[in-house]
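Heads up: the sequence lines are chains R and L, in that order.
One point on numbering: in full-length UniProt numbering, the residue at position 43 of the first sequence is 43, and numbering is uninterrupted.
One point on numbering: in full-length UniProt numbering, the residue at position 737 of the second sequence is 737, and numbering is uninterrupted.
Think of the hints as simulated: they come from the structure by calculation, not from any bench.
Take these hints with a grain of salt, some might be off.
What the hints assert, rightly or not - Derived lysine to aspartate or glutamate pairs resembling EDC-like cross-links, with alpha carbons at most 20 Å apart: (1) L:618 x R:72; (2) R:128 x L:162; (3) R:29 x L:73; (4) R:29 x L:246; (5) L:299 x R:89; (6) L:298 x R:89; (7) R:13 x L:29; (8) R:28 x L:243; (9) R:18 x L:71; (10) L:217 x L:181; (11) R:13 x L:71; (12) R:128 x L:246; (13) L:434 x L:460; (14) R:53 x L:181; (15) R:60 x L:382; (16) R:128 x L:243.
To be verified - Derived contacts from chain R toward chain L, CB cut-off under 8 Å, selection only: (17) 14; (18) 22; (19) 38; (20) 45; (21) 46; (22) 50; (23) 90; (24) 122; (25) 127; (26) 128; (27) 129; (28) 134.
Stated by the list, open to error - Just a few of them, taken from the derived set where beta-carbon distance is under 8 Å, the chain R residues facing chain L: (29) 47; (30) 49; (31) 77.
Just so it is clear, the structure is predicted and the values come from calculations on it, not from any experiment.
The beta carbon of each residue, even a glycine, is placed where N, CA and C say it ideally should be.
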Amino acid sequence: MMRFLLLFSRQGKLRLQKWYTPMSDREKKKIIRDMTTAVLARQPRTCNFLHWKDLKIIYKRYASLYFCLAIENHENELLALEVIHRYVELLDRYFGNVCELDIIFNFEKAYFILDEFLMGGEIQETSKQIVNRSIEASDMLQETMEEYMSKPAF
Amino acid sequence: MPAVSKGDGMRGLAVFISDIRNCKSKEAEIKRINKELANIRSKFKGDKALDGYSKKKYVCKLLFIFLLGHDIDFGHMEAVNLLSSNKYTEKQIGYLFISVLVNSNSDLIRLINNAIKNDLSSRNPTFMNLALHCIANVGSREMAEAFASDIPRILVAGDTMDSVKQSAALCLLRLNKTSPDLVPMGEWTSRVVHLLNDQHLGVVTAATSLISRLAQKSPDDFKTSAALAVARLSRIVTSASIDLQDYTYYFVAAPWLSVKLLRLLQCYPPPEDAALRSRLAECLETILNKAQEPPKSKKVQHSNAKNAVLFEAISLIIHHDSEPTLLVRACNQLGQFLQHRETNLRYLALESMCTLASSEFSHEAVKTHIDTVINALKTERDVSVRQRALDLLYAMCDRSNAKQIVAEMLSYLENADYSIREEIVLKVAILAEKYAVDYTWYVDTILNLIRMAGDHVSEEVWYRVIQIVINRDDVQGYAAKTVFEALQAPACHENLVKVGGYILGEFGNLIAGDPRSSPLVQFKLLHSKFHLCSVPTRALLLSAYIKFINLFPEVKSTIQEVLRSDSQLRNADVELQQRAVEYLRLSCIATTDILATVLEEMPPFPERESSILAKLKKKKGPGNVTGVDDTRRNVNGANSAHPFNDLLNLNSPPAANSSLLVDVFSEAPPDPASAPPPDVSDESFSRFVCKNNGVLYENQLLQIGLKSEYRQNLGRMYVFFGNKTSSQFVSFSSSVTTMNPQVNVHAKAVDPVIEGGAQVQQILNIECVSEFSDAPLLSIHFRYGGAPQNISVQLPVMLNKFFQPTEMTSQDFFQRWKQLGLPQQEVQKIFKSKHAMDSEVTKAKILGFGVALLEAVDPNPANFVGAGVVHTKTSQVGCLLRLEPNTQAQMYRLTLRTSRDSVSQRLCDLLSDQF
Numbered sequence: 001m002m003r004f005l006l007l008f009s010r011q012g013k014l015r016l017q018k019w020y021t022p023m024s025d026r027e028k029k030k031i032i033r034d035m036t037t038a039v040l041a042r043q044p045r046t047c048n049f050l051h052w053k054d055l056k057i058i059y060k061r062y063a064s065l066y067f068c069l070a071i072e073n074h075e076n077e078l079l080a081l082e083v084i085h086r087y088v089e090l091l092d093r094y095f096g097n098v099c100e101l102d103i104i105f106n107f108e109k110a111y112f113i114l115d116e117f118l119m120g121g122e123i124q125e126t127s128k129q130i131v132n133r134s135i136e137a138s139d140m141l142q143e144t145m146e147e148y149m150s151k152p153a154f
Numbered sequence: 001m002p003a004v005s006k007g008d009g010m011r012g013l014a015v016f017i018s019d020i021r022n023c024k025s026k027e028a029e030i031k032r033i034n035k036e037l038a039n040i041r042s043k044f045k046g047d048k049a050l051d052g053y054s055k056k057k058y059v060c061k062l063l064f065i066f067l068l069g070h071d072i073d074f075g076h077m078e079a080v081n082l083l084s085s086n087k088y089t090e091k092q093i094g095y096l097f098i099s100v101l102v103n104s105n106s107d108l109i110r111l112i113n114n115a116i117k118n119d120l121s122s123r124n125p126t127f128m129n130l131a132l133h134c135i136a137n138v139g140s141r142e143m144a145e146a147f148a149s150d151i152p153r154i155l156v157a158g159d160t161m162d163s164v165k166q167s168a169a170l171c172l173l174r175l176n177k178t179s180p181d182l183v184p185m186g187e188w189t190s191r192v193v194h195l196l197n198d199q200h201l202g203v204v205t206a207a208t209s210l211i212s213r214l215a216q217k218s219p220d221d222f223k224t225s226a227a228l229a230v231a232r233l234s235r236i237v238t239s240a241s242i243d244l245q246d247y248t249y250y251f252v253a254a255p256w257l258s259v260k261l262l263r264l265l266q267c268y269p270p271p272e273d274a275a276l277r278s279r280l281a282e283c284l285e286t287i288l289n290k291a292q293e294p295p296k297s298k299k300v301q302h303s304n305a306k307n308a309v310l311f312e313a314i315s316l317i318i319h320h321d322s323e324p325t326l327l328v329r330a331c332n333q334l335g336q337f338l339q340h341r342e343t344n345l346r347y348l349a350l351e352s353m354c355t356l357a358s359s360e361f362s363h364e365a366v367k368t369h370i371d372t373v374i375n376a377l378k379t380e381r382d383v384s385v386r387q388r389a390l391d392l393l394y395a396m397c398d399r400s401n402a403k404q405i406v407a408e409m410l411s412y413l414e415n416a417d418y419s420i421r422e423e424i425v426l427k428v429a430i431l432a433e434k435y436a437v438d439y440t441w442y443v444d445t446i447l448n449l450i451r452m453a454g455d456h457v458s459e460e461v462w463y464r465v466i467q468i469v470i471n472r473d474d475v476q477g478y479a480a481k482t483v484f485e486a487l488q489a490p491a492c493h494e495n496l497v498k499v500g501g502y503i504l505g506e507f508g509n510l511i512a513g514d515p516r517s518s519p520l521v522q523f524k525l526l527h528s529k530f531h532l533c534s535v536p537t538r539a540l541l542l543s544a545y546i547k548f549i550n551l552f553p554e555v556k557s558t559i560q561e562v563l564r565s566d567s568q569l570r571n572a573d574v575e576l577q578q579r580a581v582e583y584l585r586l587s588c589i590a591t592t593d594i595l596a597t598v599l600e601e602m603p604p605f606p607e608r609e610s611s612i613l614a615k616l617k618k619k620k621g622p623g624n625v626t627g628v629d630d631t632r633r634n635v636n637g638a639n640s641a642h643p644f645n646d647l648l649n650l651n652s653p654p655a656a657n658s659s660l661l662v663d664v665f666s667e668a669p670p671d672p673a674s675a676p677p678p679d680v681s682d683e684s685f686s687r688f689v690c691k692n693n694g695v696l697y698e699n700q701l702l703q704i705g706l707k708s709e710y711r712q713n714l715g716r717m718y719v720f721f722g723n724k725t726s727s728q729f730v731s732f733s734s735s736v737t738t739m740n741p742q743v744n745v746h747a748k749a750v751d752p753v754i755e756g757g758a759q760v761q762q763i764l765n766i767e768c769v770s771e772f773s774d775a776p777l778l779s780i781h782f783r784y785g786g787a788p789q790n791i792s793v794q795l796p797v798m799l800n801k802f803f804q805p806t807e808m809t810s811q812d813f814f815q816r817w818k819q820l821g822l823p824q825q826e827v828q829k830i831f832k833s834k835h836a837m838d839s840e841v842t843k844a845k846i847l848g849f850g851v852a853l854l855e856a857v858d859p860n861p862a863n864f865v866g867a868g869v870v871h872t873k874t875s876q877v878g879c880l881l882r883l884e885p886n887t888q889a890q891m892y893r894l895t896l897r898t899s900r901d902s903v904s905q906r907l908c909d910l911l912s913d914q915f
């Protein structure tokens with residue numbers, strides 16, 4: 001199972017954090033600090049995996065953003081890399097050429113998309129079409145419900 | 001301003017985010033945030049009721065502030081209010097806030113639960129999914145209590161939408177992890193297994209995650225899932241890539257599902273049903289074959305997904321540890337990856353090979369890659385890859401290559417990253433000890449370690465070298481000479497002074513005959529280091545000096561003078577002062593007899609597990625050490641090799657509280673009449689003919705693992721009893737009955753209580769008096785939940801365990817073969833092969849049988865020739881063997897010649913059963 005996903009910039013600014021096991025705020029802050037220092041210190045063209053405590057850390061850089069995913073020891077590293085890639089594809093599809101700014105200004109959307117894809121640290125739906133359809137459906141639901149609810153009372 | 005704003009834009013939020021981004025300093029940012037917090041607080045507290053939109057906007061701002069790393073201590077109530085909004089966007093933000101900010105023990109849980117309950121019963125799939133996500137995210141006990149019984153129902157209900165099924169499966173998985181006792185098994189469990197047949201691959205994927213978890217905990221309840229998983233996997237691997245539509249990822253058919261299925265299968269031993277077994281083998285072969293096909297795309301996603309499946313398949317092959325051909329193929333595939341241009345693949349290949357190295361079928365095959373691995377250690381740019389190479393060298397080390405590997409590790413140590421030096425030192429120390437053929441090499445190696453990386457040599461390492469030198473008198477003189485020479489260096493590490501002081505104090509007399517290392521020279525050499533050392537080392541040196549006074553009366557006055565000097569007798573350090581005073585007095589008043597008694601050579605240390613190994617395990621965390629002690633793998637274990645103390649892999653925490661009931665019953669008096677008949681297991685017996693470690697027996701309650709080592713006619717066996725339940729076993733006893741007086745087994749007593757989830761160890765000392773054929777019987781009795789349990793297992797103690805391999809030239813071999821030419825000395829058997837005929841595997845088995853494998857003896861290179869001596873207390877029986885495979889007929893001919901006919905027959909029976 002996945003334990004957490006962090007997105008941070010090259011300057012170490014955290015853009016998104018998702019925790020799949022309960023943890024105190026202090027622990028979270030420590031992990032965020034550890035992860036940013038460990039990942040940002042890596043040289044280019046090294047492998048994408050790190051061992052950290054009893055977890056494996058899988059990270060990949062897309063433009064200015066680092067995606068950093070922690071998985072349990074027996075889990076598959078290569079597939080974890082593709083979990084990250086699939087998430088990037090989903091963001092890209094939704095925002096159209098996603099960039100860091102999209103995630104900053106629409107962080108709640110980034111969370112919603114992630115929740116359609118992963119749940120409780122496991123993969124929920126791997127089909128890009130289905131995830132996109134349900135994200136669009138919920139956007140749609142927002143608009144229609146908004147319209148529906150704002151009709152004057154009879 | 002936002003680049004995109006989809007759905008409902010919240011303008012106020014976007015402006016706030018822009019403001020924060022425009023802040024020039026941290027102070028400005030904090031100021032802006034405080035202003036916003038004050039604003040939001042006043043809005044929330046104000047008299048005017050806020051509309052849903054504003055509430056949503058402010059909650060979202062709070063969330064943003066929290067994600068920037070600031071603490072948020074209000075707004076929770078407003079977020080909870082949003083949950084019951086009938087506007088989807090408000091509800092969604094409410095749930096997001098709750099899942100990010102509410103920790104599991106919040107007092108708002110009751111209110112949140114209410115909202116969740118409403119959404120779960122709304123029958124609106126979007127709302128149900130939000131609610132299920134929230135349960136999975138927060139995962140608190142109170143939530144589990146409230147919903148643990150609803151979710152299974154939603155999961156298996158016929159009219160549940162696919163997307164809700166997926167969420168329900170994963171939500172249940174989460175609850176099972178946080179509060180396993182609250183998720184009741186029931187009628188739904190059998191229906192969950194059938195989700196593996198579902199039309200919708202997304203549902204299958206989610207269900208497989210859930211089933212893997214449940215199967216891990218109660219394998220028997222989910223046994224049927226293995227067959228379904230194989231069927232599903234087989235359909236995926238044989239499908240054309242377009243069949244699965246959107247579940248095809250960069251031309252790879254459903255990689256996520258495939259990996260999950262392969263992982264589920266790792267909860268079980270190889271299928272017993274032959275058809276199923278061969279279908280699975282076909283799948284695994286197809287996956288291995290696909291690795292050799294040209295890639296369908298140049299994209300890295302394609303190769304990652306494809307190789308992800310491949311690595312998982314290899315994990316399963318290693319887990320089963322039963323198909324030698326697949327193991328060897330896996331090893332060859334990984335061998336190719338070792339030289340791949342993708343760093344990731346090299347890394348993973350090294351990592352995966354570590355576990356292959358511990359399978360007896362592939363250990364030899366892994367060893368053939370030693371040069372590539374050494375090269376990786378020298379040339380890889382990435383320290384994590386070098387680290388894996390180091391781990392693999394450690395795992396593949398055995399007596400045949402120990403010198404080379406230790407030498408490479410030592411030379412790497414000189415330039416190694418500081419972060420891993422201590423680990424290298426520990427590994428070198430362990431390997432050097434474990435595989436030392438002559439202990440002079442061991443002493444040299446450890447002194448080299450201290451010389452090159454003294455700062456990283458922990459106390460355990462130098463304690464251990466002293467223990468070994470004290471326990472082995474054949475190396476003491478050499479050790480004394482070597483440390484004496486090492487101490488000549490103008491600058492030597494303090495650890496060397498410690499080792500030198502201790503060893504010369506004990507054994508300096510062994511080299512005192514040489515005028516170049518006369519007692520006075522030795523003393524002066526040690527004392528020249530004294531002033532540069534720390535207090536503990538000085539204390540140790542003072543003890544060495546008093547030992548010198550006993551060993552060499554001629555230097556007594558010199559040493560007394562040193563002890564008497566002010567710098568010693570009035571030393572500011574209490575310990576040093578006390579030693580100086582006491583040693584001086586002792587040397588003055590005691591007679592030589594008393595001195596000799598007080599300062600006698602240290603007695604041998606009790607043999608025990610190397611403290612260095614314990615240290616390495618501590619350093620790397622449980623599960624991460626590929627114990628050299630444990631090169632033969634636990635068949636049922638997880639994919640990683642197990643460290644010594646965790647042979648049975650019982651680390652998973654036991655279910656809480658389920659032992660309450662059982663304890664009540666355990667008070668009841670035993671009723672011998674109702675005791676079930678002892679359960680005798682011997683099927684695993686023959687698996688141990690060619691190996692010494694593994695799982696001997698397993699049922700729902702108990703797992704018995706073995707580690708054994710033999711030297712000449714003696715053996716020691718560590719039996720590990722693992723309690724698989726969460727309740728204690730009481731009145732536990734384990735005893736060994738030998739069928740005949742030819743074998744003696746002495747069993748140490750075990751603790752009568754084994755706690756739930758715990759593991760205890762029993763040590764058996766075995767002595768082979770003369771040749772024998774019946775194995776001893778291990779009988780175990782205990783009470784679980786009041787019911788007496790009796791288990792009897794044949795202990796895999798066979799005659800071949802007492803083999804010592806004998807290397808000999810071809811000429812010697814044939815001469816002895818001729819000498820054993822009497823008809824009754826030879827036993828021959830022709831038999832059909834039961835497994836694929838692979839020469840690497842056969843070699844491994846013959847070596848495991850205990851004889852030396854003689855190369856270039858038989859004129860036919862396809863034949864195997866071996867030689868060894870069976871040691872019993874009363875005699876030694878030389879044995880020569882020849883195994884001739886006929887691959888066309890799938891037959892073997894095995895010929896054994898020993899000086900005693902009964903031995904020939906017994907060995908032939910044992911070995912012929914293995915192919």
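Going down the list of hints, with the structure as the test:
no., hint, in the structure
1, L:618 x R:72, "holds (19 Å)"
2, R:128 x L:162, "holds (16 Å)"
3, R:29 x L:73, "holds (17 Å)"
4, R:29 x L:246, "violated (38 Å)"
5, L:299 x R:89, "holds (14 Å)"
6, L:298 x R:89, "holds (18 Å)"
7, R:13 x L:29, "holds (14 Å)"
8, R:28 x L:243, "violated (43 Å)"
9, R:18 x L:71, "holds (17 Å)"
10, L:217 x L:181, "holds (12 Å)"
11, R:13 x L:71, "holds (17 Å)"
12, R:128 x L:246, "holds (7 Å)"
13, L:434 x L:460, "holds (15 Å)"
14, R:53 x L:181, "violated (28 Å)"
15, R:60 x L:382, "holds (15 Å)"
16, R:128 x L:243, "holds (16 Å)"
17, 14, "holds (7 Å)"
18, 22, "holds (5 Å)"
19, 38, "violated (10 Å)"
20, 45, "holds (7 Å)"
21, 46, "holds (4 Å)"
22, 50, "holds (6 Å)"
23, 90, "violated (13 Å)"
24, 122, "holds (4 Å)"
25, 127, "holds (4 Å)"
26, 128, "holds (6 Å)"
27, 129, "holds (5 Å)"
28, 134, "holds (7 Å)"
29, 47, "holds (4 Å)"
30, 49, "holds (6 Å)"
31, 77, "holds (6 Å)"
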